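K.L.:
Heads up: the protein sequence lines correspond to chains A and B, in order.
Using the numbering used here, you'd call the opening residue of the first sequence number -19 and step up by one each time.
Using the numbering used here, you'd call the opening residue of the second sequence number 6 and step up by one each time.
It is possible that part of the hints are untrue.
Unchecked claim - Output of the computed footprint for chain A on chain B, the stretches with three or more beta carbons under 8 Å from beta carbons of chain A: (1) 26 to 34; (2) 73 to 81.
Stated by the list, open to error - Simulated restraints on C-beta separations: (3) B:SER23 - A:ASN(-2): 45 to 53 Å; (4) B:ARG89 - A:VAL30: 39 to 47 Å; (5) A:GLU60 - B:ILE17: 28 to 36 Å; (6) A:ARG38 - B:PRO76: 38 to 46 Å.
To be verified - Computed far set for chain A versus chain B, every beta-carbon distance over 10 Å: (7) ILE7; (8) GLN13; (9) THR33; (10) SER48; (11) GLN58.
Just so you know, the hints here were simulated from the structure itself, not pulled from any lab data.
Since we're looking at a predicted model, the values are computed, not measured.
Glycine included, every Cβ here is placed at the ideal spot set by N, Cα and C.
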Amino acid sequence: GDQVKQSPSALSLQEGTNSALRCNFSIATTTVQWFLQNPRGSLMNLFYLVPGTKENGRLKSTFNSKESYSTLHIRDAQLEDSGTYFCAADSNYQLIWGSGTKLIIKP
Amino acid sequence: SVLLYQKPNRDICQSGTSLKIQCVADSQVVSMFWYQQFQEQSLMLMATANEGSEATYESGFTKDKFPISRPNLTFSTLTVNNARPGDSSIYFCSSRDRQGWEQYFGPGTRLTVL
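This is chain B alone, in the form it adopts within the complex:
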């Protein structure tokens, strides 16, 4: 299995500001995924980040709004730029185990934008 840690676990910010969410894995992982989850809804894949290359974004998510860095095989950051109330949700980082089978999730970062 893979253990993933995120910080902060929650944040409240003003509209128009930016915030950064960090994710650390307890072992090296090839891909890190970032998900967004609105209250009472399913998870939406935002982007996939591999070491040393630009993240691949899903439809509806852009690099300008949600830049992601992946400087090494255990770490990734997601930034939320120009935060809006509509960005209020939980953000999860995720990765698969060494064989690429089971998927694991960090504890999530609950973001509230005022």
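Next up, chain A with everything else stripped away, as it sits in the complex:
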């Protein structure tokens, strides 16, 4: 089965609303990374997480290693937040990728 399960697979949000994306891990992982792939295809690193929480502007991410999950919260969604969000588990210095959440922000 999937070692990194991301949900939801797709999401449509109205501009200005909030949402949460989630990754569940079935492998041992020490750190988690979140990426955004914009509609042009560029990949941007959003967060590198050890167990705990980080915040950057309208984004907040948590990694709970005991319960093997990570979340990414988006507050006050903007049009430029559209794209595909990937989480990846760090396992033996290799990233194990989720299948992504495709996020569309509507004006």
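Take the given structure of chain A and dock chain B to it, following the hints.
P.N.:
Positioned in the frame of chain A, the structure of chain B alone reads:
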């Protein structure tokens, strides 16, 4: 952080030909990774390349089909040999920051094989 540059950013080639993708980092990095991404799918690690040694390939990828060179700590090339339409995808180079934590990606090379 690490800035990675790739060229070409896109290419169209005929079946049976070979093409080379170059990746340059703005600082020295220990490992460079090459990924393949098909449309609407997640990223697949192809291989890991360290300076001066043979690249380590993941299952499903071979040195004969995708030879990789890593002549120094800022540069790597990926060659796609005997290109087939099934190789049409985006190829990304990637590396971690100096501490080996955050992973960064080049802009990608979009390959179409006719």
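K.L.:
So GLN58 (chain A) supposedly isn't at the interface. Is its beta-carbon more than 10 Å from every beta-carbon in chain B?
P.N.:
holds (22 Å)
K.L.:
Range hint 28 to 36 Å: satisfied by the CB atoms of GLU60 (chain A) and ILE17 (chain B)?
P.N.:
Hint holds: Cβ distance 30 Å, inside 28 to 36 Å.
K.L.:
Given the range 39 to 47 Å, decide if the beta-carbon distance of ARG89 (chain B) to VAL30 (chain A) lies inside it.
P.N.:
With Cβ atoms ~42 Å apart, the hint holds.
K.L.:
Would the least Cβ to Cβ distance between THR33 (chain A) and chain B come out above 10 Å?
P.N.:
holds (17 Å)
K.L.:
Taking the shortest Cβ-to-Cβ distance between GLN13 (chain A) and chain B, state whether it exceeds 10 Å.
P.N.:
GLN13 (chain A) is in fact no farther than 10 Å from some Cβ atom of chain B, at 6 Å.
K.L.:
Can the region 73 to 81 of chain B be counted as covered by chain A under the rule of three residues or more with Cβ-Cβ separation shorter than 8 Å?
P.N.:
violated (count 0)
K.L.:
For the region 26 to 34 of chain B, do three or more residues have a beta carbon lying closer than 8 Å to a beta carbon of chain A?
P.N.:
violated (count 0)
K.L.:
With d taken as the least Cβ-Cβ distance between ILE7 (chain A) and chain B, does d exceed 10 Å?
P.N.:
ILE7 (chain A) clear of chain B: closest Cβ-Cβ about 15 Å, beyond 10 Å.
K.L.:
Taking the Cβ atom of ARG38 (chain A) and the Cβ atom of PRO76 (chain B), is their distance within the range 38 to 46 Å?
P.N.:
holds (42 Å)
K.L.:
Is it the case that SER48 (chain A) keeps its Cβ farther than 10 Å from each residue Cβ in chain B?
P.N.:
holds (19 Å)
K.L.:
Does 45 to 53 Å hold as the CB distance between SER23 (chain B) and ASN(-2) (chain A), or does it fail?
P.N.:
Holds: the Cβ-Cβ distance is about 49 Å, inside 45 to 53 Å.
Hints 1, 2 and 8 from the list above are not met by this structure, while the remaining hints are.
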